[in-house]
Structures are given as structure tokens and as C-alpha cells.
Amino acid sequence: MRAWAIVPSPRLELDSLSKRYGDVVALDECSFDVGAGELFGFVGSNGAGKTTAMRIVLGVLEADAGHVRWDGAAITESTRRRIGYMPEERGLYPRMKVGEQLVYLARLHGLSPAAAAKSVDAWTERLGVAARRDDDVQKLSLGNQQRVQLAAALIHDPEILVLDEPFSGLDPVAVDVMSEVLRERCDAGAPVVFSSHQLDLVERLCDRVGIVRDGAMVAVGAVDELRTGKTERLIIDAPQAPDGWADGLHGIVNSARRNGATMLEIDSTADDQQVLQAALSTGPVHRFARERPSLTELFRHAVSAEQPS
Amino acid sequence: MTNAERPHRSLDALGVVALVARRELLTRLRSKVFLITTGIAALLVVAASLLATLISTDEGTDATIGVPAGAPTLPDQIAAVGASLGLNLDTEEVAGIEDGRAGVRDGDLDAFVMPDGERLSVIVESDLDPELESAFNVLAASTVLDREITDLGGDPAAVNRAISQAAVNLETLEDPRFDVERLILGMIAGILIYGSLLMHGQALAQGVVEEKSSRVIELLLSTIRPWQLMAGKVLGIGTLGLIQIAVIAGAGVISAVATDALTISFGSIAGTAAWLIVWYIVGFFGYALVLAAVSALVSRQEDINAVLTPVLMLIISGFVIGISVLPSDPDSAVIRVMSLIPTFAPMLMPMRLAIGGVPAWEALLALGLALAMIPLLIWVSGRVYRNAIMRTGSRMKLRDAFRAAS
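For the protein sequence lines, the chains are R and W, in the order given. Be aware that the first sequence starts at 1, since it is given in our numbering, and climbs by one per residue. Be aware that the second sequence starts at 1, since it is given in our numbering, and climbs by one per residue.
Pulled out of the complex, with its shape left as it was, chain R reads as follows:
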């Protein structure tokens, strides 16, 4: 199963985490792991358990059952101090200056005063809020507060990043900065876990994704792996082709006509070259494209399929 575990690098493991609130099951034996230098996207509907899982990793919540391990050992307080965390519910002291607040948070993570000050300078510069260091957080725009929040997660040069919806509420420029930072931390060897509803972003950024439904993981793997065995699509723009021109070709699961173009859902037995020849035989072909299912489609499929009662 774990083809990616050949290189012995430390992994962040969530092992069979369960948590219930009264009768509500928030997590049901949820398991996944993230290797050092890996970007892991954590997706699921609202209330599926993403936030609960992340809170358990950070020790903000205690699991009813299950374990969180880093590099094979149970997570301790000193490990947690090396995690960079961005909670879903953003929060900073509203009446504290940006710079002082970041220094304080850095020192709570164990940085010396000098190291904290240096790191605050570097990150506020990088995230474009250096000019606001002496302003109270509450005076900043929401977008800038988000940047400070990200700085708070990164200020102590974390070895592990756990970010709950880091992209929500960011403008496009900040989204780019955030993506860049995540990639960079990941390249520096940190395991990075983040949750998001922006699935195109997750698909573009992540090495692997995990889809959670009702507190349990329903799919984990690289997006390409998740596509295996799923239907793909061919889009053919052949204006002179009659309706039903592709019927009878091998491996066609479904066919539909949209804006003059034909959309064919095919399974793995289909031969796209045979389809192209069939299309050309009807006249000119302006466009012939193979489309793989997007993460959004995979997600819809994963969260709607075989719903247990």
C-alpha cells in the first residue's frame, strides 16, 4: 500500500481517530498520514470532521480513541510547539500590536527574544504587513488580519504545518502568496496538511488528498491514483456529425451533445483513436480533447456514493 514510504522520512500519522459529541459522531476511525515534504489536501463537506481531526492533532481537543504520531512516536507537547497551526476560527488579540503579538506567539513556541524579533521582521516583510507592525490587530483590514494569522502560524519556523481553511477569505494575490509559502515549507521538508473547499486549488497544489465523509476517510491518495478506474471524458467538436454518431463504439459509457460538441464518457477499454477516426469520417473535427475527472468530480462522487443509512 505505502509505495511512498520507501524513503525513511518522518511522517505525521493520524491513526484511527474517533471523537463523538454526545450522539454526534465527529470522527469515526479516521486515519491518514503525511510524509515530510508532502503537501496533503484534506477535503470534505462542512461538518465532515476536518476541523475536529486538526484540533486533535494540535491537542486542543482530545480524541475518544486513536493516536497521533510524528516520526513514529506519540505527539508530545514539545512536538506540538513545533507545529504551525492556523485554526478555522481565526483569532488574535484584537487590542495588541501586530509586532508584539507575533513576538509573544513566537516566544510561546520557544523562540528566544532575539530570534522572535528577527522572525517577526522577516515574516511581516514577506507577507506585506511590515508597515502595520505597530498597529493594533483590530485596526487592520480582514485581509491583512489573515496575513498576520498566517504569520502567526509560520513565525516559529515550524517543522509541521496544519492549516484549517488557509485560503478562505484571501484575495487572489494573497492566495498566490499562501500557495507559494505552502510549497516552500513543503520543499524545506515539512509535512503540510491543509483543508480547503477550493478543490481546484487543492488539485493544483497537493501531492496527495484525503476525502473525508461523516468522520471517516473515504479516499486517500494522489489525485491521479484516485482517478484510476474512474470514467474519463472525450470532447469532440465535429459540427457535421449526426446525433448518435458514436453509438456502437467500444467503451462508450454515456454520450451527450452540448453546444454542438459531443461529450463522451468512456471507460478504460475505449480506444480514443478509434473514436477520432469515427468523428473524422463525419466531416471536419475542430476540437478533440481528453478530459480527466477533476477533483471536484471525484469529491462529488466520493461523498455521494454508497451513502450508508
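Just so you know, these hints were derived from the structure itself, not from any lab. Wrong hints could be hidden among the right ones.
[Said to hold, decoys possible] Calculated cross-link-like contacts (lysine-lysine; reagent style DSBU-like; alpha-carbon spacing at most 30 Å):
1) Lys118(R) / Lys97(R)
2) Lys139(R) / Lys97(R)
3) Lys397(W) / Lys97(R)
4) Lys32(W) / Lys139(R)
5) Lys118(R) / Lys139(R)
Take the given structure of chain R and dock chain W to it, following the hints.
Positioned in the frame of chain R, the structure of chain W alone reads:
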């Protein structure tokens, strides 16, 4: 594994508490409200001791009385009569009645007195102060008496000397237990500790709720434990209050000593200040633990009063009962009993100790009982705080917070 040798990862549990306490202390120490209230309170205490100097001093003049030239014995008589009535009367010689009138009109003189045959003539601006009136009546009577003594061949000066030496022999069976100055000292001690507990207790509660309502709590608790946060807040704000009360009490002690305002000894003033600080520490620590726990039950500043009121009522009622009963009945049995109960002791015991007459066993028993409560409060409050601090939404019941599995 490239990160394993980072230099900055050593931070023990107490180091975290110290960091939290430092933040609480520094952010509040710079607040204008804190600086202003401390300044005003210190000024008030200094002003009170200056006022005491003015009132208790013997050197001031109660009234200046004009006398005509050519009445050589009158100034001495006026001074003697004044002294016998506890008044400090100054005399000023003026040329004649017209100058006397002018002096009274200008306000230089409080009255002008002139012998007028058998009687004394007195000129005042509009009405005669009752104390001065009785002084003048005594003066008129003694003028008549002197003349009669002279007429009978006696020596008025010798008679007056004999009269002034005739005094009652006073024998006290007990030393006076409560003097006014110590009562005032007690009231000041009570007001200081009450104001400080109320102000810093509420500041602590608001700080706890601010962390919940701003949601910064989750970021904090991803790094530090709830008990470290709670302990740091209590220690930080407690230290702030201690600095404040030390500044105010220090200003009071210094100004009282410098102006010689009080007749009671430096030892008892310093003793009062020391007890005040001991009781502030014990009282704040106890109440802060409770206030931190109950304020963790709510998530919004608007809801805070509902949970704080019952606790604050204990502080307020202890103080109000003390300040209304002690001045008239410093030895009240009710206060003696209440001042032993840990909930009221922090307000009442320092007041009683300042007033004096507290048996050592009572002082130590009250302190011992209050200290014995602290471990229990740490356990209960720590548990409630830990269980409630991450719950957002509506107010949590105290019982649920205590019971909730952690």
C-alpha cells in the same frame, strides 16, 4: 531531520507561565486607565495625610481679634480664654474703633473687641461665630470678675492662675482601644483592598472572555496548556495589582511620615501596609481563581456580568458591611466572626488589623483558613476553566463544566 538541532526549543512549563504573566503585566501596565487610576489613588492618599496635618495642627489660627491700643491686658486675656475653649485666638492692636471697623470690613480681622465700661463691645462683619461668642461672653464675665477682685483688694492675676491650675485628676482604667486615626487607617485599607480586588478581578475576567470571544484561545491552546494560561493570567494581573497597591500604600506611608500627620507610630502604619499586601495577595489569588473559572463559562463580553455578579457580591458585601459597621462599632462581634471566614476575610481582616486590637490568634486563624482554601480553589477552578475554555456559544452551566469529561 534537518530541524532537530534548532537552538530555541527549550521552554519549560513555568517558562510558559512566566511568558503569559509577562504579557498580562506589560500590556496592562502601559494602559492609560491603569496609570490614571493609580496616580489618582496615590494622590488621594497623599492628600488625605496632608489634610490630616492641617486639621490636627496646633499652629493654625482660628480667628484674629482686633483690640484697641491702650488695653494692655486684653490680648493676654483673649488668648487665655481662647485656650480654655480650645480656640487659637490671635490679637492685633489697632489705633482705634474706626481702624477696627475698617479691619473687620476688609476681612483682616474676624472681630474687633473694645472694653466699654462694664461691658465689652464687639464689632463683626455680619454675624458672630458661636464659638467666638462664647469666648467673648467668658471674656466679659472674667473682665467683671477681675474688677470685683481688684475692688475687694485681691490680685486678679493670682486668682486666675489658681483657677487655671484647678483641674480634674483623670484616672483611666483601660487604654483607649480605638482612636480615630486608626479607624481612618482601617477605612483606607479597606477601600484600597476592595477597589483593587474589584478592579483587577474584573480585568482578569474580561481578559479570559476576550480570549474566548476573539478566538485567540485556540491558537494559544495549540501551544500551551489551559492551566499555564490560567496561572499566567492570575499571576500577571495579581502582580499588576500588587505593584499598584504597593505604590499607593507606599505613597501613603511616606507622606504620613514626612508630614508627621499621624500621631500613631510608624510601626503600626507600616504594619497596616504589610498586612494589606499580605491580604491583597491571598484575597486576589482566591478570588482570581474563582473569577477566571466562572468567566470561562461565557463566550461574549455581554454575558460576563451574569456570571461575575454572584462572586463580586461577596467582595462588595464584605466591604460594605465592614465600612458601615466598623466606624461605629469597631469591636462588633459579627465583624469579628465574618473576618475569619475566607470569603470576607480579605476585606475585613485588613480593616480590623489597621484599627487594631485584633488578637494574634484571630489574625493567624483567618490567614490560615484563607490559605487552606487555595488548593481547593485551584483544583475546582482549574477543572472548570479547562473544560469550559474551548466551548463557544451559549453560557455553560458551572455544574456541567465541573463534570465534563476532559
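Okay, the hints, checked on the actual structure:
no.: 1; hint: Lys118(R) / Lys97(R); in the structure: holds, 16 Å
no.: 2; hint: Lys139(R) / Lys97(R); in the structure: holds, 9 Å
no.: 3; hint: Lys397(W) / Lys97(R); in the structure: violated, 34 Å
no.: 4; hint: Lys32(W) / Lys139(R); in the structure: holds, 19 Å
no.: 5; hint: Lys118(R) / Lys139(R); in the structure: holds, 23 Å
Of the numbered hints given earlier, the model fails hint 3 alone.
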